[in-house]
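Chemist: Now for the letters of each chain:
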Amino acid sequence: DAGITQSPRHKVTETGTPVTLRCHQTENHRYMYWYRQDPGHGLRLIHYSYGVKDTDKGEVSDGYSVSRSKTEDFLLTLESATSSQTSVYFCAISELVGTYEQYFGPGTRLTVT
Amino acid sequence: GESVGLHLPTLSVQEGDNSIINCAYSNSASDYFIWYKQESGKGPQFIIDIRSNMDKRQGQRVTVLLNKTVKHLSLQIAATQPGDSAVYFCAENRDSGAGSYQLTFGKGTKLSVIP
Numbered sequence: 001d002a003g004i005t006q007s008p009r010h011k012v013t014e015t016g017t018p019v020t021l022r023c024h025q026t027e028n029h030r031y032m033y034w035y036r037q038d039p040g041h042g043l044r045l046i047h048y049s050y051g052v053k054d055t056d057k058g059e060v061s062d063g064y065s066v067s068r069s070k071t072e073d074f075l076l077t078l079e080s081a082t083s084s085q086t087s088v089y090f091c092a093i094s095e096l097v098g099t100y101e102q103y104f105g106p107g108t109r110l111t112v113t
Numbered sequence: 001g002e003s004v005g006l007h008l009p010t011l012s013v014q015e016g017d018n019s020i021i022n023c024a025y026s027n028s029a030s031d032y033f034i035w036y037k038q039e040s041g042k043g044p045q046f047i048i049d050i051r052s053n054m055d056k057r058q059g060q061r062v063t064v065l066l067n068k069t070v071k072h073l074s075l076q077i078a079a080t081q082p083g084d085s086a087v088y089f090c091a092e093n094r095d096s097g098a099g100s101y102q103l104t105f106g107k108g109t110k111l112s113v114i115p
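Chains as they are written, first to last, in this note's numbering: chain A, 1 to 113; chain L, 1 to 115.
Chain L on its own, in the form it takes in the complex (with noise of 0.2 Å):
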């Protein structure tokens, strides 16, 4: 889920098991929504994207689903290994009004996979 404080939720998941990362986004009006991956040290990387008119899009041992309703977005991560221990972001497009597509990005995430 989305941090509140100054410490970062944090997710710990045994190794080959499924992770579940939650993400509460803000603007209704928002078409657009990414997860990000970052790890330590590393600038974040795309994982997976989904526009609004979608509810689920699956990728590579990823899955995300959105919530319109409730203004709600998850990132599954099936079978998760060690490489996957990072921290994890959403982001949501918020058209600017000059084009530049602007993202507001959540606090983040971080899932620690257990050996």
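Bound-form chain A, shown alone (with noise of 0.2 Å):
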């Protein structure tokens, strides 16, 4: 997965529970992206960044905030979770050098109850 962590893997909370999805990443990328993948749905953007303390709101942000400290690690936090935000969350990262290919980590599976 191309340098590619996320923590934890597995999560269940509940409803109106704050939760933090961390993606880490050893490729020294300067884009990070988080995504959320539900059936029917695809792959939709919550936030990405193109640097350090630079993010941007994607097609799915509400209820979500990021933020990135040090370029190898993008925070996904949840504020107060909710039914609706149960998902696999997928962190990817891309440099975008010749190249607009995104790399993807293992995704953490995430259930609100």
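You may find that some hints are simply not true.
Said to hold, decoys possible - Once the Cα atoms are required to be at most 35 Å apart in a straight line, the calculated DSBU-like pairs of lysine-lysine come out as:
(1) Lys42(L) - Lys11(A)
(2) Lys56(L) - Lys57(A)
(3) Lys70(A) - Lys42(L)
(4) Lys68(L) - Lys70(A)
Since the hints were made in silico from the structure, they are not lab data.
Please read all numbers here as calculations on a predicted model, not as lab measurements.
The two chains are supplied separately, each in an independent frame; assemble them into the complex guided by the hints.
Modeler: Written as structure tokens, this is what we have:
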């Protein structure tokens, strides 16, 4: 998975609790992305980062925030988890030198009860 | 083809046959396309890409065809093997203007290989 780790890999949490997912890369790539994957919707972009402290919203950003204080780490926070945020979350990285290819992490399965 | 509901389109092929997976993309200004393979429980993996100034690109056992007139992309897998069983996604480049080059993903097609 191209030097990308995600933690935790699985999490069950209750509605209303805060949750933070971590993405860590060892590739020193500039761009990092958070996606969620749900049946019937494919991969949808939540937030992305184009550098340390530089982030922007994606297609489905409501209820999520992100932070990137170091090149290698990109955190996704659900301030108050809801059942609709039950999903599989993928982190991706890219360098965008000659290609727009993104490399994906192994995913985090989050269940909100 | 692309999913329009909760269930992925499924393609079943006999081992050794060729597979063709189709994708319709949405943005006529997209200039770059990627095919990803996703095995169960794993993240998507890059298969092959193509730029809009090309009609065809070949890799190892895979070929991508691009028809810009009808905004259609296809992935051909030659001599399909059991290890090819997975969900296949197409993705198109959409420059967000901030230089982030977002990818927009299709909903995927599930390929099942019959031994």
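Chemist: Now, for every hint given, state plainly whether the structure supports it.
Modeler: Structure-based check of all given hints:
Restraint check for Lys42(L) and Lys11(A): the C-alpha separation of about 16 Å stays at or below 35 Å, so the hint holds. Proximity of Lys56(L) to Lys57(A) is assessed by CA-CA distance (about 34 Å); at most 35 Å being required, the pair is judged to hold. At roughly 26 Å between alpha-carbon atoms, Lys70(A) and Lys42(L) fall within 35 Å of each other, so this suggested pair holds. At roughly 40 Å between alpha-carbon atoms, Lys68(L) and Lys70(A) are farther apart than 35 Å, so this suggested pair is violated.
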